[in-house]
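Participant: In case you want the letters, here they are:
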Amino acid sequence: MKKLTMVQAISDALRTALATDPTVVVLGEDVGKNGGVFRATEGLWQEFGDERVIDTPLAEAGIIGTSIGMAVNGLKPVPEIQFMGFIYPAFEQIVTHAARLRTRTQGAFPATLTIRAPYGGGIRAPELHCDSTESLFVHIPGLKVVTPSTPYDAKGLLLAAIKDPDPVIFLEPMKLYRSVKQEVPDGWYEVPIGKARKVRDGEDVTLIAWGTMVPVAEAAANEWAAKGVSCDVLDLRSLYPLDEEAIIESVKKTGRVVIVHEAPKTAGLAGELTALINEHAFLYLEAPITRVTGYDAPVPMYALEDWFRPDAKRVSKAIQQVVSF
Amino acid sequence: MKLEQLERETAWVRHLSPEGELTEQGRKFWDSLSVERKKDFYRWMSYIRMFDRRSVILQRQGRIGTYAPLEGQEAAQVGSALALGKEDWIFPSYREHGVAMIAGMPLPQIFLYWMGRVEGCKPPEGVRLLPPSVPIATQIPHAVGAAWASKLKKERSVAVAYFGDGATSEGDFHEACNFAGVFKVPAILFCQNNGYAISVPFSRQSASETVAQKAAAYNFPGIRVDGNDVLAVYDVMTQAVERARAGQGPTLIEAVTYRKGNHTTADDATRYRPEQEVTEWVERRDPLERYVKLMKAEGLLTDEEMAEWEEECKERVDRGIREAEASVPAPPPHLFAHVYAEPGANELRQIKELEEMGGSGK
Ligand SMILES: Cc1ncc(C[n+]2csc(CCOP(=O)(O)OP(=O)(O)O)c2C)c(N)n1
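First to last, the protein sequences are chains A and B. Quick note on the working numbering: the first sequence kicks off at 182 and runs consecutively. Quick note on the working numbering: the second sequence kicks off at 34 and runs consecutively.
Next up, chain A with everything else stripped away, as it sits in the complex (with noise of 0.2 angstroms):
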């Protein structure tokens, strides 16, 4: 086994699809010669060449209605849209088509096509290229929406996308691309979609997070075990499907809830799943649901990112409201 970063593991993946099954095409903006901007496909074009990793004119529309058009045709392509900031333009197609067709078409032609975007703050980019919108994906049915937080899942979670037979927009965390090194197994190997990780067990508070607010709740979760406050650490991985059950189980273990995610509060994923809890496990709450988010601003220009996205000490801060309600 070699260790990768996660930006690794997401290549080694697309290598092993791509030398594994002959139907599927990687393309977008830069991802050939160049490798891609984060190097995501470094080296693929080089050793699968330009009708496997293709590079497509700037086009997000055309570069997501085309694949869809392949995957119609019998292609599972693996469309790069740059920055997740830019894939509006790509926004009709996915709606509208890509989540769509196989209810429309009965069946008959779905388009199985695996979106990857880099997406989420804390690198100092420039303007609009640290969205995190995945709420937007995860309100359209039909789209399956995935997000790992280790290189290990960024691999099976890729592989599994890649063969699942649904659109799945399959998103990337900018921060944590090269932010650690994990063992990956060679060759092909899936982590199921639609269930989540344990990243670590407790007793007394479940924090549930997933991409870049990952580490920052397990962080968080290290504080409060010093001051023997154990918190149950789930990375949910899968957005949609979400694993209600792991969900529920830690719920129903711990009766306190704290929800972390980057995105703007206001219709983000933490209010789905709290009324998820709400539903399933309301007689085992000890404490108001709390939700620790971005806040309901555009995400700023990098000179205030630090105090936009949420932080350690935000979680901490939660943490101590649902222990002492």
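Simulated from the structure, these hints should not be mistaken for lab results. No residue lacks a Cβ here, since even glycine has one placed at the ideal position from N, Cα and C. Don't take every hint at face value.
Calculated lysine-lysine pairs in the DSS-like style (CA-CA distance at most 27 angstroms, straight line) [to be verified]:
{"#": "1", "chain 1": "B", "residue 1": "Lys119", "chain 2": "B", "residue 2": "Lys187"}
{"#": "2", "chain 1": "A", "residue 1": "Lys214", "chain 2": "A", "residue 2": "Lys183"}
{"#": "3", "chain 1": "B", "residue 1": "Lys385", "chain 2": "A", "residue 2": "Lys498"}
{"#": "4", "chain 1": "B", "residue 1": "Lys72", "chain 2": "B", "residue 2": "Lys247"}
{"#": "5", "chain 1": "A", "residue 1": "Lys494", "chain 2": "B", "residue 2": "Lys385"}
{"#": "6", "chain 1": "A", "residue 1": "Lys379", "chain 2": "A", "residue 2": "Lys498"}
{"#": "7", "chain 1": "B", "residue 1": "Lys186", "chain 2": "B", "residue 2": "Lys119"}
{"#": "8", "chain 1": "A", "residue 1": "Lys446", "chain 2": "B", "residue 2": "Lys385"}
{"#": "9", "chain 1": "B", "residue 1": "Lys247", "chain 2": "B", "residue 2": "Lys217"}
To give an idea of the interface, some chain A residues facing chain B are shown, with a C-beta separation under 10 angstroms as derived from the structure [said to hold, decoys possible]:
{"#": "10", "residue": "Pro203"}
{"#": "11", "residue": "Lys214"}
{"#": "12", "residue": "Val218"}
{"#": "13", "residue": "Gly230"}
{"#": "14", "residue": "Gly243"}
{"#": "15", "residue": "Met482"}
Following the hints, complete the assembly by docking chain B with the ligand onto the known chain A.
Facilitator: Using the frame of chain A, we list chain B with the ligand on its own:
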């Protein structure tokens, strides 16, 4: 962009050769210009180059964030921007710091933008310059809309959208062109074709030989110009502005140029550009050097004057950085400033929470 492709292309406007010699047409145009204007071209191009080189260094020093260099594109920016008036609207992309400076954006503001501070987006009163558009091509319809409004309001102002060759692949570009043509608005769509959209060469961006020819589909003029020739750019832009003011509708201008450096400070252009091509553009086709040759040959510029001007530019740039760095950072609740005309109960509650977390900035 392939050199042969460029050399093959004869249907472009050029007044000044890379050797600093005026063409026949160029000589006529030159003679029509005032000495002050001739000096403006040199002054702005060299000032902007100095600003640009300093910015790359500031990024390396960690004093500004990721930066998009423009070196090599000075003639395209200076020639086009100097043809505009105060009443005209500018919708730039993220590489038009030169245009912004000419439009009247103070240097400290431009630095603030690259320091990740939204305050840097706000132009002074009376400057009709929008903030850099980061998503590609999305500003082009805005320029068409602003031009359309001028037409409906019977004003004489024109609106210019600046964008790169990559932008011409986006739907927004085509929709904007179509509106501009259908409603015959006083818009100028100014493409700096620097040959690449990050790593993707124009040949992979578009199957058409030129950007300019795309205008034909929308039934307005498309003009190709040597974008490293400040005189030719100024000439074609002036004509486009006049046509627009006279109610004759939009123009698409393709200024053929080259960015000498990386796409941004986060990019490595050696991965995708052939060395020989870079050398050709950097060493032989430089827009500033060819203009300096002409100015000197015409007796309008001496080495002493150049040294003096460079000294002055250096001071201006230094002052700009100093002022930007000395400006007090906005406190965290500034996250919410201007999100709505008036913050509502939800925003006020979140501002309070932010302050309780120590984010008052006090
Ligand atoms: C909608 C959108 N997609 C992708 C990007 C990422 N991106 C930033 S600049 C760039 C290339 C732009 O090339 P071009 O339009 O030729 O302008 P240039 O940078 O050469 O001036 C890309 C793909 C973006 N900013 N916006």
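Participant: If a hint holds in the structure, say so; if it doesn't, say that too.
Facilitator: Verification of the hints:
With a CA separation close to 17 angstroms, the supplied pair Lys119 (chain B) and Lys187 (chain B) stays within the 27 angstroms bound. With a C-alpha separation of about 25 angstroms, the suggested pair Lys214 (chain A) and Lys183 (chain A) falls inside the 27 angstroms cut-off, and the hint holds. Between Lys385 (chain B) and Lys498 (chain A) the alpha-carbon distance is near 15 angstroms, which keeps this suggested pair within the 27 angstroms criterion. Among the hinted pairs, Lys72 (chain B) with Lys247 (chain B) is inconsistent with the structure: their alpha-carbon atoms are about 34 angstroms apart, more than 27 angstroms.
For a cut-off of 27 angstroms, the pair hint linking Lys494 (chain A) to Lys385 (chain B) stands: about 16 angstroms separates their Cα positions. Between Lys379 (chain A) and Lys498 (chain A), the direct Cα distance comes to roughly 22 angstroms. Compliance with the 27 angstroms bound is thereby established for this hinted pair. For the suggested pair Lys186 (chain B) and Lys119 (chain B), the alpha carbons sit about 17 angstroms apart, so the restraint of at most 27 angstroms is met. The straight-line distance between the Cα atoms of Lys446 (chain A) and Lys385 (chain B) is roughly 15 angstroms, inside the 27 angstroms bound, and the hint therefore holds.
The hinted pair formed by Lys247 (chain B) and Lys217 (chain B) meets the criterion: a straight-line CA distance of about 16 angstroms does not exceed 27 angstroms. The restraint placing Pro203 (chain A) at the interface with chain B is violated, with a minimum CB-CB distance near 24 angstroms, outside the 10 angstroms limit. The interface hint given for Lys214 (chain A) holds, since its Cβ lies 5 angstroms from the closest Cβ of chain B, which is under the 10 angstroms cut-off. Checking Val218 (chain A) against chain B by beta carbon gives a least distance of about 7 angstroms; that is within 10 angstroms, so the hint holds.
A least Cβ separation of about 15 angstroms between Gly230 (chain A) and chain B goes past the 10 angstroms threshold, and the interface hint is therefore violated. Hint status for Gly243 (chain A): holds, given a least beta-carbon distance of 7 angstroms to chain B, under 10 angstroms. Against a cut-off of 10 angstroms between C-beta atoms, the interface hint on Met482 (chain A) holds, since the closest Cβ of chain B lies about 4 angstroms away.
Hints 4, 10 and 13, counting from the list given before, are not met by this structure.
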